[in-house]
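Engineer: Work out the full structure: start from the sequences and follow the hints.
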Amino acid sequence: MEHTVVSASKFNAWFGDNHVVKDVTIGIEKNQVIAVMGPSGCGKTTFLRCINRMHELIPGATAKGSLKLYDDEVYTMNPIYVRYKIGMVFQRPNPFPNLSIYDNVVAGYKLNGLKMAKADMDVIVEKSLTSAALWKEVKDSLHKKGTFLSGGQQQRLCIARAIAMEPEVILFDEPTSALDPISTSSVEQLFHELKENYTLIIVTHNMQQAARVSDKTAFFYMGELVEFDDTKQMFTAPTDVRTQNYITGRFS
Amino acid sequence: MKNKRLDLSYTQMKWETVFRRILIFMSVILVLIVIGILITLIIESMPSIKSLGIGYLWGKVWDPVANIYGAYPFLIGTLLTSFIALILSIPFSYAVSIYLGEYNPKGWLSNLLKNSIELIAAVPSIIYGFWGLFVLVPVIRTFEAKIGVAPYGIGIFTASLVLAVMIIPYAASLGITLIRMVPSPLKEGAYALGATRFEVIRSVIMPYTRSGLFAGVLLSLGRALGETMAVTMLIGNTSTLAHTFKDLIFGPSNTMASVIANEFTEADHTVYLSALIELGLVLFFVTVIINLIGKRIITRFTNS
Amino acid sequence: MDARIGIRNTKSMLFKGLIVFLAFLITIPLIIVLLYIIKQGVTQVNWHFLTHVPAPVGEAGGGISNALIGSFIMVIMSSIIAIPVGMFAGIYLSENPHTKLAYYSGLCVDILQGVPSIVVGIVVYFWIVKPLGTFSALSGSIALSIMMLPIVIRSTEQTLRLLPPSLKEAALSLGVPYHRVIMKVIVPCGFAGILSGIMLSVARIIGETAPLLFTAFGNPYLSTSITKPMESLPHLIFTYATSPYDEWHNLAWGASFILLMFVLVLNIFTKLITRKWNIQL
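Chains as they are written, first to last, in the working numbering: chain A, 131 to 382; chain B, 1124 to 1427; chain C, 730 to 1010.
No lab work stands behind these hints: they were computed from the structure.
Predicted, not measured: the structure shown is a model, and the values here were computed from it.
To give a feel for the contact side, a few chain B residues facing chain A, derived at Cβ under 10 angstroms:
1) Q1135
2) M1136
3) E1139
Partial chain A-side listing against chain B, Cβ under 10 angstroms, derived:
4) N208
5) P209
6) I210
7) N242
8) G243
We put the beta carbon where it would ideally sit given N, CA and C, even for glycine.
Structural biologist: Here is the structure:
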């Protein structure tokens, strides 16, 4: 099980002239939950978006250095293929408003024009919604529009949509910051179940959340990866003074 | 499964490039159309520019039979029709803007009025022309007989009346949006000082929206200058310039657009046709410049 | 003091009265025109009127079938030309707002919006009519499609710009390629706005006469050939309204009524689409 899924070495990213990710070197192992935290503007979200090459979609954004999925260099792979293998869940739930719940789950297949038997598709929908702990709530309204669900349900629908593609890694960009506390706890519970099958990388600005859900935590500050360690270790005895300051709330 | 997906993603990549090229191609076509319009007009008016020179613009006589071409009567006709229409329309378009922007922005009555304004713009100009010819012209004729001018019925005055109604929506719909954009703290500040509604409109809303409302008037003017059908049907299509101001306003005349509409298919030799196209070229430049200035002012207004 | 406040309040009330009066006064010419066209036109319209070509001078009866079919064919043809160009150019403008090409195409949209329709007629005359040696429905359709373009482009661009960027990101993060993101997610989500722009542009060109004067020209007989002159509703109205015969005036009134109904229905449909069919985001 001790196998590195995503690894970066001397990885850099820019917005125009603005150097936002500086020389990041990190190795992420399989079936773990990684929390990425740091003050806003520290480059944590940019780094996350580099992993599935969403960063380069912003005009003027560039990246340099090595970033690998297993042994393949992400930046020489076909970006479409990278995004098949590395799913993403966003800050705000964003189900497709023109599609039903059912179609939202299999959107990755349908929008790509992958032909598939109805029975296979039914299996994927049920499996993905079950994994996202949403099946029981929506199984009778699969053909209603996804936008009728509550915020927490919509976010779990987005998780189901990512799971349906059977990715290796799922990236979460502050997945609960737009949710109420009850929905947040339901999503957090999901993380524990999901790590059986997937590797999760979660960007959060909520330290309690990082402590609750993650196995390992990465602390970013001013574009640098300051510290990467077991979450327990990090929150009890951080080695870097900047991490210590952040955790004790001396700056935010 | 894995390989199939990989293959698929490579063909998709090719389509992606094709798609991006289609988008660029269509935008380039748009630019080419506009450049093509300009070049065609210039090339086709060359014979007239060469043989008539710049004096064409203030030549007072237009007589194709004698091969004399002067655009002055049409410039005067166009300017008079458009500006009379504009002056008649301004109070109304401002009133609508203020009423729907400030007094009554919501509710069924304001919706009704707003839809009516949009409908005024939607009715084809040929219908205004037809109606004007059969309903308005006899009325104007009686009116002209009463004030003691030759009762033609058709002419600049009649055309301007109809045109005034037709161009109201352009200034009004912009004015409504702009007046609604006035920040309410500004208005509240004035109310707090004890200003009446009229005073708030006069000293807060009007100064704030002045440039934007002016842009709306420019858009209306652009419409008026280029309007063809209704004017052609109502202006009388006479290319000789009247001698007295009264006859000019109430007598038959011609605008640039109407003379093109009437004589283009009859123009039987190069310079005649080319002189008409040169009118089109002038019309193109004037309306485009007026429109672009209007648009610039609006962009600056909405961005600040 | 009280007196002055009284004066100021009266002034304010008077001003409001004036504004209300002027604002509602302009609906009067509209109502008069509409009622007059309906009154004159509705009695002309019957099955015979819709299915026959105009009768020659002096003969009773006759209809406007040539103009109905002509307008229909030309509107369809201009839509086929203008909708793809307009939609893709609109997509380009909303997707790449800061490129040089976007600046120039945006400028060209503004210019096209201001070009008088008669000028478009002149230009298309030299592009199509002169090389082909004849007035034709094809040239008329091209002239009309140029009139449609700016409306289709602006409505597409503005609709797509209002869609949240998260929608695009969601699709891209699933590995959906760019062209499918646009055609399967972005365009369907902005469908109502794009469609209403198309309907508005159709409502606009169906009444355009000036660009047709030197292109489609007109044709007293029924013709479906796109390389021959073709009649259209507005052109028929123009020809027959300015003729000296009463029977022909009646034909023109009937045609005006039909044209007005088309425009009204298209505008009402557009309103309904934007109100009811808007996808909730």
